[in-house]
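Start from chain A and add chain B according to the hints.
From first to last, the protein sequence lines are chains A and B. End of the first sequence sits at 338 in this note's numbering; the numbers just go up one at a time, nothing left out. End of the second sequence sits at 1496 in this note's numbering; the numbers just go up one at a time, nothing left out.
No wet-lab data here; the hints were simulated from the structure. Please read these numbers as outputs of a predicted model, since none were measured by experiment. Please note that the accuracy of each hint is not assured.
[Stated by the list, open to error] Okay, derived cross-link-like pairs now, SDA-like style, lysine to any residue, Cα gap no bigger than 25 Å in a straight line:
id: 1; chain 1: A; residue 1: K180; chain 2: B; residue 2: Q986
id: 2; chain 1: B; residue 1: K1463; chain 2: A; residue 2: G64
id: 3; chain 1: A; residue 1: K115; chain 2: B; residue 2: S1069
id: 4; chain 1: A; residue 1: K143; chain 2: B; residue 2: K1475
id: 5; chain 1: B; residue 1: K1475; chain 2: A; residue 2: L74
id: 6; chain 1: A; residue 1: K115; chain 2: B; residue 2: Q1064
id: 7; chain 1: B; residue 1: K1473; chain 2: A; residue 2: T209
id: 8; chain 1: A; residue 1: K34; chain 2: A; residue 2: T209
id: 9; chain 1: B; residue 1: K1463; chain 2: A; residue 2: N14
id: 10; chain 1: A; residue 1: K115; chain 2: B; residue 2: L1059
id: 11; chain 1: A; residue 1: K143; chain 2: A; residue 2: L133
id: 12; chain 1: A; residue 1: K115; chain 2: B; residue 2: L980
id: 13; chain 1: A; residue 1: K143; chain 2: B; residue 2: S1069
id: 14; chain 1: A; residue 1: K119; chain 2: B; residue 2: K1475
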Amino acid sequence: MPNPVVIEVENLHRNFGQVQAVRGLNFSLQKGQVAGFIGANGSGKTTTMRILSTLDLPSDGSARVAGYDVLEHPAHVRRILGWMPDHFGAYPSVDVQEYLDFFARAVGLRGKQRRKRVAETMDFTELSPLRARPSDRLSKGQTQRLCLARTLLSDPEVLILDEPAAGLDPKARLEFKNLVRILAGQGKSMLISSHILSELAEMCDTMVFIDQGRIVHHGTADSLRFDDRSVTSVFVRVSGPVEALLEWAKVQPGLRVREEARQGVLFDLETRGEDALRDLLRRLVTDGLPVIEFQREQQRLEEAFIGILRQQTGPRNLPPRLESRPPILPPTAGN
Amino acid sequence: MNFRPSSDWLNPMLVRDLRQGLRSNRFTVLFLLLQTGMALFVVVGLLSASKSDVSSAIIGTLMAVSVLFYLLGMPLAATSAMALEFRDNRIDLLKLTQLSARSLIWGKWLSLVVQGLLVFTSLLPYLILTYFFGNVDIPSMLVWIVGVLSFNALLVGVCVSLSCFNSGLVRVFLVLALLWMVIMFSGGVGSMRMLAGTAGTGLPMGLVVALCALLYVTAGLPFLWLMMEWGASALSPSAENHDTPQRLTLLGLLAIAALTTAVHLIFPGIKIEGFAYPFFVLAGMLAGWVMMFASSGDPSPFPDTYRPFVRFGPAGKFIGRLFLYPGWPSATFFVLLTTAAITVLMSPWIPSRSSLDFGWLAIVVFLLPPAVLFPQLPSWLLRERTSFSARIRYLIFAAFFFLVLLLTVSLSYGMDTLKILPFACIFPPDALALFAFHWFDIPEVTNPKNPDPIQVLAFAKATAVHRPALIIAGLSGLATMGIICARSLKYWENFSKLEARAEAALKRKLADAAAASGPPSPPPAPPAGP
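Same shape as in the complex, but just chain A (with noise of 0.2 Å):
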C-alpha cells in the first residue's frame, strides 16, 4: 500500500496582476518523502511554497496538505505543517532561549512540556551553548539553526523548507544537511528549495523542477542526469592503443567519437536506455577489444538542468549568462 499523500498541488495558479508567477502546477508528495524543489529566482518555488504554508492565496488551482485544503482549512494546515522562510528577522533584546520559549507557547505547548521541547530542540540544533545570546547576534549558521529549531518545535508532520543552505559555509552547510538526514529519518516529509542541486540530489528522494512557473522536470536526481539526454555518453578504455578502438567505433551503428580523453575514449551512444549499453559492451568484448574501463558518464545536475531548459524553451529564452558561456563539453571533431 502506497504511503498517503501529504503534499497536493493541482493546476496551481498564481498570478501578480499581469505577471503570472505560478502557471499550473501539478505535483504531489507522499508521507516520509523529501523533495528537493529547484528553479531559478524567480521561477515560482517561494510562491508555490508560501501558497502550500497559507501564507499566500492561490489565484487558481488548488492546494492540499495532509487532505486539508489551504485556502479552507488553513488553522489545520497550520497546525501540521513547519516553514522555514529563506530569510527572517530576530528579536532584539530576545535571546536565544527566550526565542524559541515565545515560540514554544505560541504554538500551544505548555508548562512542562514546553521547557522541555525547547531544550530538546536546542539540543537537536546544537544551540544549547548559545542559550543565553541574543537572537540578533547569531551568525548566518546559527540563524538558520534557530529557524529550523522555530520550525520544529510544534513536531510537525511536513516540513517546508525555503532555501535552507543560502549563505551558509561549507561547514554550516554540512551541519544542515546532516539535521536534515535526521529529520528525514524519522519520517518527516520535506519539500525543499535550494539553488545547490548537488546537495539536494543527496537529500532528495524526488526532485521538482520548475521554470518561469512550471514544471520542466519531476523525478529522481538519476532520472535527471540519464533519461532526459538525447545521447548517452560511454568512456572506454583498453589495454594498448586507443587507435584499434577508435577504428572499431567508426564502423558501429549509433555510436560517435565525443573526444578522446584519460586514455580512453568518450562515446556518444545515440540510443537511450541500459540496454543500449549492454549491448555495446556486448559488442567490444566479442570483438575482441580488451576493455579494461567502461563507465556511463552522468552530468551534473545544473548541466542536465539547464539542458531541459533548453530543451523546453529554447535557447532564445535562457538567460543571456547561460548561453554566452562557452559550451559545457568542447564539440565533437567529427567521427
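Chain B only, in chain A's frame:
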C-alpha cells in the same frame, strides 16, 4: 532587567513584547529621565518655603509629560507595532503559530498599555508626595489620570490596528477616512448639549463629569474592539470572517441606543440623555467605519463561513444574504438598514427641532449610504484593469471621494452655497446629499416661527436656477444606488451554491458527531498522487 513570567495563561505576545520592551534602550532612558526629573522636583519642594507652588509645578509637569508621553509618544510608537514585524520579515512566522490574529494584535496592545502603566506606577510616589505639599484637588486629578490612561489605551489600540496594514499608503487612507467619519458624525459632540442636561439632576458637577467620562470610556470599548478587529482582519487568513462580528457589534450598539430612545419616549421625566449620548455618538461614528469595512470586502468563497447562518435554516440564510454575510453584496443592504435605524433613533432626540439639527440629520440620511457605497462602482468597473485587491481599490476611491465631500461641505459653509453647489454635481451622490442639505437649509435664512414670505420667495427663486441640475444629479445618485443594489442581488446565485456546500458540510459533521466513534470532522480523503 530580567523579566521571566512563567504563567502559561498569559498571551505569548504580551510576554515577549514585555521582555523586549522593558529591556529596550528607549524604555530605560525614558524611565531614568522621568525619575531624575521628578526626584529633582521633590528635592526642590522639600527645600522650598512655598510648598504649594512646588506642588502645582509638579502636577503641571506631570500633566504635560503625561500628555506628551501617553497621548502622543505612545500612540506614535504604536503605529510601528505590527509594521516592524512586517519590515523585519517576522510576520509570517507569527501567522503560522496557533496564535490567532486577534491574539497577536491584542497582545501587542496589552504590552504597550502595561508598559505605560508601569511608567505611571513609578510616578505615583511623587503624586502622593504632592498631596503633602498641599494645593491638590484630588477628584480632578483622579479624573485626569483615568481620562488620560483610558484615552491612551484607546489611541494605542487605534494605532496598533493601523500598524497591521503593511502599506503606508493604506494607513494614510485609513487615517483620512477615520478623520472624515469623526467630522461627519460628531457634529454635535463639541456642544455637549445633552450632557449639560444631566446637570439638572442635582448631582455635584464633579461627579457628573466623572460619570460622563466613565460613560465615554465604556462606550469607547466597542470602538477599540472594532478597530482591533479591523487590524486583525489584515493579518488573518481569508477564510476567517471578521466582517460579521463587526456588523453585529454595530447592531448591538444600535440596540442600546434603541433602548435609551424607548426609555426617553416612554418616560420623558427620566434624564437619560447623558447616558444615551455617548452611545449615539459612538454608534454614529462606528456606523460609517463598519459600513466602509463591510462594503470594501469581497464575499467569502469558503463554505465554512456560511455554516453558522445555515444552521438557522431559511431565516438564517435570508438574514445573512441581506445583512450579515461578509462582503459587499450584503453590505449594500446593511448600509441602508443601519442608516435608516440611525435616522429613526436620532429624530426623537433632536431637542429644538431646529432646521440646523434636521440639516445634520439630513446629511447622515442622504450622504452616508451613497458616500459609502459609491466607491464600489468605480472599484467594480476597474476590476480587470488594476492590480490592487478589491479592498485597497475601494479604499483609494473612498478616501478620494471623502476628501471631495469634506471639501465641498466645508466650502458650502464658508462661501456662497449657490455658487458652490453646481461644482458638487460632479459626484451624483454628493450632489444628492448637498441637495438634501440645501433643502433643509431654506428656513435657516428666515425666521422659522415667523417666515418672511419675501425672503423665502427670493431664496426659492435663486435656488430655482440650479434646481434642474440638482434634481438630475439627485436622480442619478439614486440610480447609482439602484445599480449597486441590483448588483448585490445578482450575487445571491453564488450565495445559493455556497450555502448548499455549507449545508452538506454541516450534515456531514452532524453525522460524524452522531457516529461519535472517531475524531470529529476528518479531513477530506486525499486522492492518490500522480
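For this structure, which hints from the list above don't hold up? Violated hints (numbers, rising): 1, 4, 7, 13 and 14; every other hint is consistent with the structure.
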